[in-house]
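A.B. asks: If you're matching them up, the sequences are chains L and B in order.
For the first sequence, this note's numbering gives the first residue as 1, with consecutive numbering after it.
For the second sequence, this note's numbering gives the first residue as 1, with consecutive numbering after it.
These are computed hints drawn from the structure, not numbers from a lab.
Beta carbons: idealized from backbone N, C-alpha and C, even for Gly.
Misleading hints may appear alongside valid ones.
Below, in silico cross-link-like pairs of lysine to aspartate or glutamate (EDC-like), each with a Cα-Cα straight-line distance of 16 Å or less [what the hints assert, rightly or not]:
hint, chain 1, residue 1, chain 2, residue 2
1, B, Lys99, L, Glu114
2, B, Lys100, L, Glu6
3, L, Lys16, B, Glu103
4, L, Lys16, B, Asp109
5, B, Lys100, L, Glu8
6, B, Lys16, L, Glu114
7, B, Lys100, B, Glu63
8, B, Lys305, B, Glu252
9, L, Lys99, B, Asp109
10, L, Lys305, L, Asp238
Which chain B residues face chain L? A few, computed with CB under 8 Å, are given here [claimed, not checked]:
hint, residue
11, Leu12
12, Asp47
13, Gly94
14, Arg118
2 protein chains.
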Amino acid sequence: MKNLTEREIIRLLTYKFDHGSSIPLGFNDDVSAVPLSPKAWIIVKTDMLVASTDVPPGMTTQEAARKAVVATVSDFAAKGIQPQALMVSLGIPGPAIPKKIQEIARGLDQAAIEYNCRIIGGDTNQAEDLIVDITGIGIANPEKLVRRDGARLGDIVAVTGPFGKSAAGLRILKSNRKKQAVRYRPLLRAVLRPKARLTAGIALATAGGVTSSTDSSDGLAQSLHQVAEASNVGINLDTIPIAPIARRFARELRLSAIDLALYGGEEYELVLTVSPRRFPALKKRVRSLMKIGTVEPVDRGLTAKLGGERLQIEDRGWEHFT
Amino acid sequence: MKNLTEREIIRLLTYKFDHGSSIPLGFNDDVSAVPLSPKAWIIVKTDMLVASTDVPPGMTTQEAARKAVVATVSDFAAKGIQPQALMVSLGIPGPAIPKKIQEIARGLDQAAIEYNCRIIGGDTNQAEDLIVDITGIGIANPEKLVRRDGARLGDIVAVTGPFGKSAAGLRILKSNRKKQAVRYRPLLRAVLRPKARLTAGIALATAGGVTSSTDSSDGLAQSLHQVAEASNVGINLDTIPIAPIARRFARELRLSAIDLALYGGEEYELVLTVSPRRFPALKKRVRSLMKIGTVEPVDRGLTAKLGGERLQIEDRGWEHFT
C-alpha cells in the first residue's frame, strides 16, 4: 500500500472539503479567512507541533512551546497581519508533573508577549507525545492582505534575511557535535529560538508594493515554488541568500552551502515579490530586505543563474511523511 | 513527583496566561471570544481528539474524525451560536495510506455538512497517534450569547435529553460484549455517532430566558458543578434524567443507573438554567427539554433529593490524566 507524502495527503483532504463554492483564500495560502464584510475578514491559522518530528535533540520543552507559537505567528507575518488572540491545544505525555506544565506555560506566554497577542483559551489532553497546536486569530482588510498568488512578471523577488542557519544548526544538534555547538552558537539559536518576522511583515504590507508573500517554514526552494505555482509565474534567482556563518559552517564540513540555504527547511524569513518601483521604499522600511531574483514567464520555471550557469531549483524541502 | 489532574494543569496554565486585564469570557466558559465591536464577538473553540484516550475499541477512523467535529460544535451549541468555519489540525500515525486519509476526510466532511459549517484550512503532521484537533469559528452578539455564569436563584435547571447512554455504550465496547452489542444498539450509537445539540441550542438561545448553559462532555455531574461554580449558586435536582434503555442495561448488569447518568461522561446533551416564567415557551420550542431541578443558594451545594433522601452530587466525571 502506498505511503502518501504530506502534499498528497493535503490534496486528498482538500479535494473532499472543496464543495464548489470558493473559499476566500483557497486551501493553498499561508492562512485561512472567514469574510465578515467587504472590509473585514477574520484570519485564522492553525499549526501543530509534534515533539517526535518537530523538536530536535537539545530543545527544551519551553523552547518547543515557544516555537509552536512562532510557527503560527510566522504565517500571519507573511500576510502582514497582527494576530490578536491564540488558542492552545495541548497533548501532554504522562506523567504530567508541574515542572513540565510550567515549562510549557512559560514558553507559550513568552511567545505571546513577544508577538503582542493574547492566549484566550484552549484544550488539554493526555497523549503519547507532546503536541502543541496553536491557532491564531486576527482581523484584516482583504484589500491589504498580501496573498500568495499576486506575483507579476518583472516583480523583484526578495527575502527579509539570509538562509541556511537553521539547516546548519539542525545538523549540529542532530549529530551532537559539542565543539561546533560552542563555535556556532548563532546556528543553534536559529533552531532553538526562531523568530517570526512579524514586525517586518506588517511594515512591508502597510507600505504597499508587495505583490505576494509567504513564510519559509518549508524552506526557501519550496516557498519559491509555492509563490510561483500560486501566481502562475516563473522565477529566476541571481543570488542565493546564504548567511555568512552558514557558509563558513558548510566549508568546514564540506557541505554545499547552496543546498543548506535552498533545501534546509524550517526557516522563518519571508519570501516576497515586490513591484520594482516600490523596492527602494520598502528597503528603507526593512533594512534587511534583499533582492534575490526576478519574476519571469511561467515556462522558464524556477532557476538560479549563478556565474553564467543556470541551476534548476527543485521543489523539495522540509516535508513531513518523507 | 506529583502527577497533576487535568483541572490542576488548566489552573497552572491559565494562571500564567492571565495578565490582569480580563478576557471576555474568562478561561472557564465553553468557548473563547475576541471582541470586534459591542455587538459582535468572534467566538472560537478548540477541542483535540487523541485516539489513545478518546477513541474506544470498535470506533472507526471515520467515526473518530466525525466525533472530533461534534465535540467542538457541541460547545457552540451550548452557547447558542452557529459555528461558521472549521480549522482541522491532524496528527497522522504512519503509514499514511490513502484509505486512512479518505476515512478521516469523510468523517470530517460528513460532520461539517451535518452542522452546516465549512472546513477552510488546517495542518497535517506525522504523529505517533491519531490526533484530530478542531477549531470552530463563529460570530455572536455578546448580549445574546448564553454564558456559563448567569444562573440565578429560583431558575429551573433543565437538560435537552436524558443521560447514561454513552456511559453504558462505552462499557459494552470496552468489554467487547457481543450479545449486548446486538441488543443495545442505541447505546453503541450514542458513543460511536454522538450528536451535538446545535439546533436545540440555537433555538433556546434565540427564544430567550436561558440564563446559563454548558454542554455535558465532562458528564452531567461535572457540568452541573461547572455552572454552579461559575454562577456562584447551589443546585438541587428533583430527578436524575436517566435514559430508559440505560436504566434497563444497568438493571441487567446490576449497575447503578444513577451513577451511569451522573458520572458517565462524554455526553452531548445541554445543561441549562432557565427563567421559570420562560420555561413553558422554551419547552414548546425544544420538546425534549426537561426540568430536572432548581437553582438554590450557594451554601446548599449540589444535591439531588430523590424520594425524601438527599444525595450529594460529587464533582467528578470524565477527566483526562486520571
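A.B. asks: Run through the hints listed earlier and report the numbers of any the structure violates, in increasing order.
C.D. replies: 1, 8, 9
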